[in-house]
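Protein chains: 2
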Amino acid sequence: MKDVNVIITGFGTVGREAARLLDERRERYRTRYGVEVRLVGVARSRTGCYDDQGLAAEVWEAFARGELAGDPACTGADFLTRTRPDVLIETGPSDYVTGGAGSVYMKTALAQGTHVIAVSKGALVADYPGLAALAKKTGAVLKISGATAAALPTVDLLEYNLAGCEAAVVEGILTGTANFVLSSMMEADIPYEEAIRRAQELGIAEPDPRFDVEGWDTACKLTIIANAAFGAGLRLDDVKRTGIAHLTRAQMDAWRQVERVPKLVGSIRRTAEGVKAAVELRLYERDHPFARVHGTTKAIRVETDAMGELLVIGGKSDPRAAAAAALKDLEHILQAFD
Amino acid sequence: MKDVNVIITGFGTVGREAARLLDERRERYRTRYGVEVRLVGVARSRTGCYDDQGLAAEVWEAFARGELAGDPACTGADFLTRTRPDVLIETGPSDYVTGGAGSVYMKTALAQGTHVIAVSKGALVADYPGLAALAKKTGAVLKISGATAAALPTVDLLEYNLAGCEAAVVEGILTGTANFVLSSMMEADIPYEEAIRRAQELGIAEPDPRFDVEGWDTACKLTIIANAAFGAGLRLDDVKRTGIAHLTRAQMDAWRQVERVPKLVGSIRRTAEGVKAAVELRLYERDHPFARVHGTTKAIRVETDAMGELLVIGGKSDPRAAAAAALKDLEHILQAFD
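So the protein lines, in turn, are chains F and V.
Residues 1 to 338, numbered by UniProt numbering, are exactly what the first sequence covers, in order.
Residues 1 to 338, numbered by UniProt numbering, are exactly what the second sequence covers, in order.
Worth double-checking, as some hints may not be accurate.
Note: identical chains are not told apart, hence a pair may lie in one copy or across any two.
Below, in silico cross-link-like pairs of lysine-lysine (DSS-like), each with a Cα-Cα straight-line distance of 27 Å or less [to be verified]:
{"id": "1", "residue 1": "K137", "residue 2": "K2"}
{"id": "2", "residue 1": "K136", "residue 2": "K240"}
{"id": "3", "residue 1": "K240", "residue 2": "K137"}
{"id": "4", "residue 1": "K136", "residue 2": "K276"}
{"id": "5", "residue 1": "K276", "residue 2": "K2"}
Worth flagging that the hints you see were computed from the coordinates, not collected in a lab.
All figures in this text were calculated on a predicted structure; none of them were measured in a lab.
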């Protein structure tokens with residue numbers, strides 16, 4: 001049976017869930033694809049762990065808990081060139097300007113023919129076209145479900161379920177945190193600060209929630225989707241952006257009066273001047289499908305030429321779901337493995 | 001550039017739309033997959049047309065209109081063994097007991113390594129496991145989007161978008177015609193016969209609508225999905241079935257009184273006694289997502305272990321959309337073509 005060696009970089013909450021799922025699904029990979037999937041390495045910024053025969057679960061669990069210091073040699077680009085895994089799962093923190101460490105890992109991997117599954121968005125936002133070109137050159141596969149709304153299919157939907165169709169419009173509620181905060185403000189009649197606090201208590205919002213509530217998260221996802229599925233060549237700056245942090249209870253009241261529901265919506269549109277993307281606050285009638293997407297639930301709607309319209313709602317937003325989305329990408333790679 | 005020769009059997013309305021789309025997308029196939037997709041043959045039950053260099057559009061258009069008689073040698077299993085196309089698109093009428101002509105075409109094709117895209121359901125209902133085993137043996141690909149709710153992703157959703165997850169429940173409004181009739185009865189307060197007549201005038205219902213309104217269409221789709229995505233080994237007889245033909249205006253009135261919306265829903269469920277499938281009339285509260293699926297629109301909902309729930313609504317139901325779903329399958333085959 002062929003071995004498929006996997007390394008997870010930026011090993012945090014999502015990375016650990018991915019490691020756990022890999023473990024749980026080992027038998028599935030054997031039966032369905034005839035391969036032995038082995039987690040051989042995990043890396044954080046300063047240290048990592050490696051075993052060319054596959055890391056024991058106790059090892060990466062202890063490393064994740066901080067009870068095992070790890071080896072300083074098992075991190076950084078060198079780690080990948082030395083170990084040459086079949087698949088890299090990059091789950092680290094994102095740097096949207098330079099691409100950060102994730103970018104270094106992904107470029108190193110793709111250049112040597114290692115397939116890449118991106119969960120972190122930074123490198124993709126900074127230079128998806130460059131990464132895609134690199135992948136094409138070496139024949140490596142670059143998969144990005146985990147970075148583009150995870151359990152809610154987005155790029156998959158456009159590239160696979162609607163393959164062959166032209167999508168004129170894509171629009172969606174793509175940031176669960178922002179939707180949770182906005183839904184709370186509308187439904188529980190609480191101020192922004194209180195809604196944020198509740199989201200933080202539930203582990204939904206980050207200690208610094210700005211990335212999600214100022215529309216950056218949606219804008220990043222749009223940039224990646226537009227470049228991956230529309231070949232748009234957009235930069236993050238090209239995406240018109242708004243957020244929800246400025247909204248007041250009085251504003252919510254006014255919308256309730258006129259029976260409108262505000263939603264933070266990202267959209268991509270083909271126009272005569274090329275592909276345009278924007279994050280906007282839109283007002284929907286109460287029976288519009290988007291008006292009925294509550295809490296951390298996400299949604300996407302696509303209009304096509306030949307297959308009409310598809311609306312997809314759902315897809316969990318927790319670390320396990322994000323990890324499962326990354327491992328969906330792994331299965332797509334395994335389906336083509338030889 | 002590598003040629004990909006396609007033959008369409010059971011060449012009727014959907015077949016003609018597939019031929020047109022193949023023509024429109026020829027350049028796309030060249031650019032994206034580096035292949036020259038050529039429609040070399042089309043066949044109906046008694047005659048067909050063939051040109052090993054690719055049929056001219058005038059020829060198959062004339063044949064479709066009945067202005068060209070066609071060649072009696074260009075139909076039946078021999079036609080496929082003699083011409084050995086790369087891909088067969090089978091769009092003929094369905095025989096749900098024996099599998100009919102579609103079954104002969106599909107078995108012949110798969111046995112000789114020709115990839116098969118099924119739009120007709122009969123052969124799949126009669127013996128999906130047999131066809132899948134044949135495909136596995138020769139390395140041919142068997143794709144079935146066009147036969148399982150077409151533009152609404154069903155098997156794709158389970159096998160691709162949710163790859164790696166366990167689906168505990170799948171349920172959906174899978175028959176556009178039945179939903180149109182039922183929606184009309186509820187919303188326009190008209191009797192069943194009148195709703196059927198309107199659906200027939202709009203070209204939505206067949207002259208004999210029983211297959212759709214008695215739940216057979218949904219039951220067939222469930223049988224195929226359960227066997228393809230759950231390995232269930234179900235026969236059509238195993239699917240508990242009901243329809244909507246017995247419903248009265250008085251019944252609709254009673255449901256309106258209690259604010260319930262009836263829907264014909266097909267479901268697949270993993271149970272301790274194996275995979276169970278059923279077509280049932282279900283009553284939903286008015287703000288349930290299924291209650292809001294109107295007209296010929298379809299919907300599917302999947303509950304998974306790791307990625308939560310996905311709800312997909314939409315996907316046109318016309319012949320062009322069915323053809324586009326079949327050509328989506330073609331793209332999946334081309335993606336793996338070498």
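For each hint, the structure was consulted:
| no. | hint | result |
| --- | --- | --- |
| 1 | K137 - K2 | both (24 Å within a copy, 21 Å between copies) |
| 2 | K136 - K240 | neither (30 Å within a copy, 49 Å between copies) |
| 3 | K240 - K137 | neither (32 Å within a copy, 52 Å between copies) |
| 4 | K136 - K276 | within (25 Å within a copy, 44 Å between copies) |
| 5 | K276 - K2 | neither (44 Å within a copy, 35 Å between copies) |
The structure fails to meet hints 2, 3 and 5 from the earlier list, while all remaining hints are met.
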